[in-house]
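Required output: the full structure, derived from the provided sequences and hints.
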Amino acid sequence: MSVLTTVAARWRVQAHLDFMWMTKDLRFFLINVVGDVILNLAGVTAVFLLAERFDGIGLWARDQVIFMLGYAALVRGFLDVGFSYNVLHISRRIGRGQLDHLLVQPQPLWMGLLTEGFMPFSGCWSLLTGAGITAWAVVQLGAGFPVQWWLLFGANLLASCAMALAFSFLWGALAFWAPVAAEEMSSRAVGFLYQLKAFPLDGLSAVVLTGMLTVLPVGFVAWYPSRQLLGIAAPHLWHTPLAALLLALVAGIVFKKGMEHYAQTGSQRYIAWGHRG
Amino acid sequence: MPNSLDLGLPVGRTSSAMAGAVDHIRAARRHLKTMTMAAVRSLDDRGWVLAGDFGLRLLRVLLLLSLWRTVLPETGATSGMTRAAVLTYTLIAEAFASQLTLGTGIELALTSGDIANRFLRPAGVFGQFTAEMVGAGLRDLLLFSLPLFCLAPLLGVNPLPAGVGAALLFACSVALALLVAAALDFIFASIMVLLEHSVYAMMKLRTAVSALLSGAVIPLALMPWGIGEVFGYLPFAALASAPLRIYTGTGDALLLLALQAAWVAVLWPLAHLMWSANRERLVTHGG
Amino acid sequence: MHRPDRSVTSPGDIAVELREVDKTFYQRQRSERFRDVLTNLFRPTIREIRALRGVNLAIRRGEIVAYAGPNGAGKSTTVKLLSSVLAPTAGTVRCLGMDPMTERVPYVRRIGVVFGQRTELWWDQPVAASFEWKRVVWEIPRSRYDEMLAFVKDLLGIGEFFHTLARQLSLGQKMRADIALMLLHEPEILFLDEPTIGLDVLAKRNILDFINTLNRERGVTVMLTSHDMDELEQLAGRIVLIDRGRIAYDGDFVELRRRFGDRRHLTIDTGTADPPTLAGVRSTGSDGNRHRYTFDAARTPITTLLQQASAQTVIHDVETHRSRIDDVIADIYQDWNTEHG
Numbered sequence: 000m001s002v003l004t005t006v007a008a009r010w011r012v013q014a015h016l017d018f019m020w021m022t023k024d025l026r027f028f029l030i031n032v033v034g035d036v037i038l039n040l041a042g043v044t045a046v047f048l049l050a051e052r053f054d055g056i057g058l059w060a061r062d063q064v065i066f067m068l069g070y071a072a073l074v075r076g077f078l079d080v081g082f083s084y085n086v087l088h089i090s091r092r093i094g095r096g097q098l099d100h101l102l103v104q105p106q107p108l109w110m111g112l113l114t115e116g117f118m119p120f121s122g123c124w125s126l127l128t129g130a131g132i133t134a135w136a137v138v139q140l141g142a143g144f145p146v147q148w149w150l151l152f153g154a155n156l157l158a159s160c161a162m163a164l165a166f167s168f169l170w171g172a173l174a175f176w177a178p179v180a181a182e183e184m185s186s187r188a189v190g191f192l193y194q195l196k197a198f199p200l201d202g203l204s205a206v207v208l209t210g211m212l213t214v215l216p217v218g219f220v221a222w223y224p225s226r227q228l229l230g231i232a233a234p235h236l237w238h239t240p241l242a243a244l245l246l247a248l249v250a251g252i253v254f255k256k257g258m259e260h261y262a263q264t265g266s267q268r269y270i271a272w273g274h275r276g
Numbered sequence: 000m001p002n003s004l005d006l007g008l009p010v011g012r013t014s015s016a017m018a019g020a021v022d023h024i025r026a027a028r029r030h031l032k033t034m035t036m037a038a039v040r041s042l043d044d045r046g047w048v049l050a051g052d053f054g055l056r057l058l059r060v061l062l063l064l065s066l067w068r069t070v071l072p073e074t075g076a077t078s079g080m081t082r083a084a085v086l087t088y089t090l091i092a093e094a095f096a097s098q099l100t101l102g103t104g105i106e107l108a109l110t111s112g113d114i115a116n117r118f119l120r121p122a123g124v125f126g127q128f129t130a131e132m133v134g135a136g137l138r139d140l141l142l143f144s145l146p147l148f149c150l151a152p153l154l155g156v157n158p159l160p161a162g163v164g165a166a167l168l169f170a171c172s173v174a175l176a177l178l179v180a181a182a183l184d185f186i187f188a189s190i191m192v193l194l195e196h197s198v199y200a201m202m203k204l205r206t207a208v209s210a211l212l213s214g215a216v217i218p219l220a221l222m223p224w225g226i227g228e229v230f231g232y233l234p235f236a237a238l239a240s241a242p243l244r245i246y247t248g249t250g251d252a253l254l255l256l257a258l259q260a261a262w263v264a265v266l267w268p269l270a271h272l273m274w275s276a277n278r279e280r281l282v283t284h285g286g
Numbered sequence: 000m001h002r003p004d005r006s007v008t009s010p011g012d013i014a015v016e017l018r019e020v021d022k023t024f025y026q027r028q029r030s031e032r033f034r035d036v037l038t039n040l041f042r043p044t045i046r047e048i049r050a051l052r053g054v055n056l057a058i059r060r061g062e063i064v065a066y067a068g069p070n071g072a073g074k075s076t077t078v079k080l081l082s083s084v085l086a087p088t089a090g091t092v093r094c095l096g097m098d099p100m101t102e103r104v105p106y107v108r109r110i111g112v113v114f115g116q117r118t119e120l121w122w123d124q125p126v127a128a129s130f131e132w133k134r135v136v137w138e139i140p141r142s143r144y145d146e147m148l149a150f151v152k153d154l155l156g157i158g159e160f161f162h163t164l165a166r167q168l169s170l171g172q173k174m175r176a177d178i179a180l181m182l183l184h185e186p187e188i189l190f191l192d193e194p195t196i197g198l199d200v201l202a203k204r205n206i207l208d209f210i211n212t213l214n215r216e217r218g219v220t221v222m223l224t225s226h227d228m229d230e231l232e233q234l235a236g237r238i239v240l241i242d243r244g245r246i247a248y249d250g251d252f253v254e255l256r257r258r259f260g261d262r263r264h265l266t267i268d269t270g271t272a273d274p275p276t277l278a279g280v281r282s283t284g285s286d287g288n289r290h291r292y293t294f295d296a297a298r299t300p301i302t303t304l305l306q307q308a309s310a311q312t313v314i315h316d317v318e319t320h321r322s323r324i325d326d327v328i329a330d331i332y333q334d335w336n337t338e339h340g
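Sequence lines, in order, name chains G, R and H. Reading the first sequence from the start, the letters are residues 0 to 276 in numbering that gives the first Met the number 0. Reading the second sequence from the start, the letters are residues 0 to 286 in numbering that gives the first Met the number 0. Reading the third sequence from the start, the letters are residues 0 to 340 in numbering that gives the first Met the number 0.
The set of hints was computed from the structure by calculation and includes no laboratory data. Ideal placement from N, C-alpha and C gives every residue a C-beta, glycine not left out. Be careful, since some hints might not be right.
As the list claims (entries may be wrong) - In silico BS3-like pairs for lysine-lysine, Cα to Cα no more than 27 Å straight-line:
1) H:173 to H:152
2) H:152 to G:23
3) G:23 to R:203
4) G:23 to H:173
Stated by the list, open to error - From the derived model, a few chain G residues whose C-beta atoms are all more than 12 Å from chain R:
5) 52
6) 55
7) 105
8) 113
9) 134
10) 153
11) 154
12) 179
Stated by the list, open to error - Quick list of simulated restraints, FRET-style, between CB atoms:
13) H:200 to G:260: 18 to 26 Å
14) R:32 to H:272: 50 to 58 Å
15) H:334 to G:1: 37 to 45 Å
16) G:153 to H:98: 57 to 65 Å
17) H:200 to G:258: 53 to 61 Å
18) G:260 to H:334: 36 to 44 Å
19) G:108 to H:212: 53 to 61 Å
Listed below in structure tokens is the structure:
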């Protein structure tokens, strides 16, 4: 069986589990759907309100801001679909001693992490919210974007998702060394990304901006690719994919170091609740 | 606060005033110990985790400050707020972010089943959670609030309050905000138990909505269409907007404190009512 | 049961081998004083915990081995080393001819692990969903899966709650479901870390019978840890006792009793309330004319005691029985504690 077929088979079984989970009860279903839509909207509302109040923000016109918010919401939606079940919040699994569940499965760790958080039915509501905002912005902008632009849009979107994921794993790896204190580190790091992903960074000083594109790569989640896609800055549309690749590499190295450490220390605590969502 | 709110403080008729006072002191000591434990709890692990957390928060405040510098004119007031006041508001919001967005942790206790243990301790359940919340707030005051406050001049922000009176009233306002936060937590926990579902989804939802409605990210006065005016009368505004407006001198302090006190008066009995009605379900749900 | 490829080893081979295995952990210590906060945060005191010290252990295919020891002795650490979760600090760990750390994926296809206080079941899903998930992730062929499912359903009786959410199962049901789940891929060796913890006597007996059946009929190798020594004696021919990271005993239960003292209880009914004075025994009390003693049968033969007693008084009745293995082990742990001060 090829790797792709194996991954597809794993995704299928996870999709099945997710479907059963979502449809177990009507009230539960509705709470989750409404909750996800409001949550994703709330994440971009603050900036939207500012853009509305001040008719744009700095170099950004109101509709351009809305496009960036849609892009940011889409990133969140994709992560909700692909990396739920505490895969995105990896420090929880490490800190709670739940990584052992993955280690006794006959598959490479990366495959477990890539497939175990696949929740297409419960995650899609947040994704649809992002798609809705983006579609609205594109219509408002009134520009007929060519196919090439959409391809670049897709590639950048994928890179932004990879960036957020790598960032979570990079910070989450702290839990290998400090399982209790860093148990919520991924959530905090991702929380910061989510809170700030929709803010235009143009007014920042060069030093802080560098920080926002490296240590806390908020800029790559929506601002940097959006300003290039919309022509606000020179269109270096390969920057975000390259940055994502580099961060993924760093995160991979740190995570591997963490795993080597884990092989020596293991987990001295185990928390049953919250396991697998 | 009467015992009927399950704070664990002794009430009712005691044999003498002296005995009552002794009981109060003993109850306060129990909660003080819980508070201390909560304050040092997360210090059990590596210091650089806390340092990393501080770095993240610093970056967040830098971003927000730059945003305001972009959209607000250097002189003059926008919706009654000068740029300097908004910058101070933002910095203080971040410095006291932990205290102004505190939760009791009751939702997690419900999820983990830990709630059942709380009933086995010889102290009021509300009191235990509130003491833990205050303990966590004190720890963050030392580790985050004070350092950020000291760094403010380097960020080009005047961190000082509008005046001595504003500082004193701010302290009162934060105390009231904590009480509102705890009451909202207990009410929210009861609703979760009633719904019997989706603890995490609801928690995330509440955090996101409350961050927006409380004015912790954007001052309510700077919101469009006058919706900030409406949000100002919701209980969420008592959590952050009220103390921050008092601190920066951009609101009528007495009116804001009165609103907060009113929310305390309404929400605590409501919390108690819902808690009592749900007590058995709470334990069953948690255990 | 379908037997997976065993070309690496042959029947009768060593299934598990630990050679000179050390495992060291480091534990932070924290001062309670507030003024030590900064030291606690940035320069904490580190304590070295040597969980395993020079452990040598070999388990043959088809054996059931009980692995016991006091709390913190190193039992779970050993199981984690054998489950590819932990790497040894020194020494080598081989199982089924493989290195659990470097050959993790093919290795875990051949073993089954149950941690008594954890569950592999998907918490918010019906039991059946976890089984289907396992089929896909372990890539179990459909026909083998169906056969094994029927087998475990039959023997462990999981059919009655197969469509219940895992979080709604009782402790006993959860353990049965976890064991059934573990067996679906037909592991050659089972590592069971306290598989009966918290279960009632009937549930315990059912689980033990099942493990026995698996071993007897299908030749599955089993290593299990437990604090219930009676349970271990029922099941295992061999017991390995570990104390503070070192193997303190490795052999059968008969030899264990002999080596650590074959303690017996003796009750004598006499015509008088005065207990006979017996050499080499400890009196544990009298109840009217019934007098109770404990003694080490390896040192003091019972015939000698009866001769002494009958020389002093008339004996109406005699009862004797061996100590429960729990008591023997408790005595051993007590001795170890005394030795270590």
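A quick look at each hint next to the structure:
1. H:173 to H:152: Holds, at roughly 13 Å.
2. H:152 to G:23: holds (24 Å)
3. G:23 to R:203: With a Cα-Cα distance of about 21 Å, the restraint between residue 23 (chain G) and residue 203 (chain R) holds, given a limit of 27 Å.
4. G:23 to H:173: holds (20 Å)
5. 52: The claim is violated: residue 52 (chain G) sits with its nearest Cβ about 4 Å from chain R, within 12 Å.
6. 55: Label violated. Min Cβ-Cβ 9 Å, cutoff 12 Å.
7. 105: holds (30 Å)
8. 113: Non-interface label stands for residue 113 (chain G): nearest chain R Cβ at 22 Å, farther than 12 Å.
9. 134: holds (22 Å)
10. 153: holds (27 Å)
11. 154: holds (26 Å)
12. 179: violated (5 Å)
13. H:200 to G:260: 18 to 26 Å: violated (42 Å)
14. R:32 to H:272: 50 to 58 Å: holds (56 Å)
15. H:334 to G:1: 37 to 45 Å: Taking Cβ atoms as reference, residue 334 (chain H) and residue 1 (chain G) lie about 59 Å apart, which means the hint is violated.
16. G:153 to H:98: 57 to 65 Å: For residue 153 (chain G) and residue 98 (chain H) the Cβ distance comes to about 43 Å; the hint is violated.
17. H:200 to G:258: 53 to 61 Å: At roughly 42 Å between Cβ atoms, residue 258 (chain G) and residue 200 (chain H) fall outside 53 to 61 Å, so the hint is violated.
18. G:260 to H:334: 36 to 44 Å: holds (37 Å)
19. G:108 to H:212: 53 to 61 Å: violated (34 Å)
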